[in-house]
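Line by line, the protein sequences give chains A and B.
Residue numbers are given in our numbering: position 145 of the first sequence equals residue 371, and the series is strictly consecutive.
Residue numbers are given in our numbering: position 127 of the second sequence equals residue 353, and the series is strictly consecutive.
Simulated from the structure, these hints should not be mistaken for laboratory data.
Since copy identity is lost for identical chains, a pair holds within one copy or between any two.
Think about it this way: if two alpha-carbon atoms lie no more than 30 Å apart in a straight line, the pair counts; the simulated DSSO-like pairs of lysine-lysine are:
#1 Lys362 <-> Lys257
#2 Lys257 <-> Lys275
#3 Lys275 <-> Lys362
#4 Lys302 <-> Lys362
#5 Lys229 <-> Lys370
#6 Lys362 <-> Lys303
#7 Lys229 <-> Lys362
#8 Lys302 <-> Lys228
#9 Lys228 <-> Lys370
#10 Lys228 <-> Lys362
Protein chains: 2
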Amino acid sequence: MKKTIAIDMDGVLADIETHFIDWYERDYGVKVNREDMLGVLEPDGFPDKTAVKRFVYTPGFFRTIPVMPGAVEAVKKLMETYEVYVVSAAMEFPQCLSEKQEWLQEHFPFISWRNIVFCGDKSIIGTDYMIDDHCKNLDFCRGKAIMFTAAHNVYQNHHQRVDNWNDVLAFLTAEEVPA
Amino acid sequence: MKKTIAIDMDGVLADIETHFIDWYERDYGVKVNREDMLGVLEPDGFPDKTAVKRFVYTPGFFRTIPVMPGAVEAVKKLMETYEVYVVSAAMEFPQCLSEKQEWLQEHFPFISWRNIVFCGDKSIIGTDYMIDDHCKNLDFCRGKAIMFTAAHNVYQNHHQRVDNWNDVLAFLTAEEVPA
Numbered sequence: 227m228k229k230t231i232a233i234d235m236d237g238v239l240a241d242i243e244t245h246f247i248d249w250y251e252r253d254y255g256v257k258v259n260r261e262d263m264l265g266v267l268e269p270d271g272f273p274d275k276t277a278v279k280r281f282v283y284t285p286g287f288f289r290t291i292p293v294m295p296g297a298v299e300a301v302k303k304l305m306e307t308y309e310v311y312v313v314s315a316a317m318e319f320p321q322c323l324s325e326k327q328e329w330l331q332e333h334f335p336f337i338s339w340r341n342i343v344f345c346g347d348k349s350i351i352g353t354d355y356m357i358d359d360h361c362k363n364l365d366f367c368r369g370k371a372i373m374f375t376a377a378h379n380v381y382q383n384h385h386q387r388v389d390n391w392n393d394v395l396a397f398l399t400a401e402e403v404p405a
Numbered sequence: 227m228k229k230t231i232a233i234d235m236d237g238v239l240a241d242i243e244t245h246f247i248d249w250y251e252r253d254y255g256v257k258v259n260r261e262d263m264l265g266v267l268e269p270d271g272f273p274d275k276t277a278v279k280r281f282v283y284t285p286g287f288f289r290t291i292p293v294m295p296g297a298v299e300a301v302k303k304l305m306e307t308y309e310v311y312v313v314s315a316a317m318e319f320p321q322c323l324s325e326k327q328e329w330l331q332e333h334f335p336f337i338s339w340r341n342i343v344f345c346g347d348k349s350i351i352g353t354d355y356m357i358d359d360h361c362k363n364l365d366f367c368r369g370k371a372i373m374f375t376a377a378h379n380v381y382q383n384h385h386q387r388v389d390n391w392n393d394v395l396a397f398l399t400a401e402e403v404p405a
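Pulled out of the complex, with its shape left as it was, chain A reads as follows (with noise of 0.2 Å):
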């Protein structure tokens, strides 16, 4: 039986950073620096730091993300190997399950309805690896945790961290390899 990964929407197969960044840019006129997000919530690393929870709940916020950089080569790639499941904590803004959904179908709709879960809590998840960018759904997974990273997490160093969409095939490609 293939080995199962679930994959986090925000912040590893939609690139919610730059999506952050641009619409401020759109709304405010000044352009954020990634290097002064480092470190910090995202709602902080932003100078109105009430900003992003209106994005968030503005309609259109998550159906517009842009995909992250790499994420549908490398999702296919792993799909030949793994059991892919997209795991979003998408019951936190109930109004974007539709979009969530929509955007799926728009970008990765080589990916079954049975591999989708939206979600709250992520602690009932029990696939054998988990790629998230936030501790909060790391912490608590039942499987191996690997972190991607996001301006936010920096700093966040117990567990194994991704940079990139090519981090993470190189380290399941050497998971793979028989010990």
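Dock chain B against chain A, hints included.
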């Protein structure tokens, strides 16, 4: 730490069987007997075998399913002892996501968004117990499977069976007794 239970919606929290019968009678003027639905897949329990599929794709169907008798009180009781998750295979009918969410908000407002999971395949759900009416979910569950009786499953006897919510409480209370 509390033990975890995954509870299905359709056929367990939501009385979808009664809803099918009611909608069929409304549209066809024929009240189907539950006895005629025993041991057959839901669509095959009705004279017009296309009706069920049409119902589940009709806006409002999932929003208006009656609550399974005793479910609200039993879930409240279980939450005293267990970490209760609602786990629904909602991805099969994507249009129903928001209806299911609103239904839960109306009938089970005491269940946090953190404890709601809309998924496809349930095999990655790692709870200690799973209460469901379908073998396709129970056969691959990682914890103890509990089959909630429905007309379609009456001849499947390889899982612990409960006939109603009183049975669920009785079974899980017995489980708590120290050996």
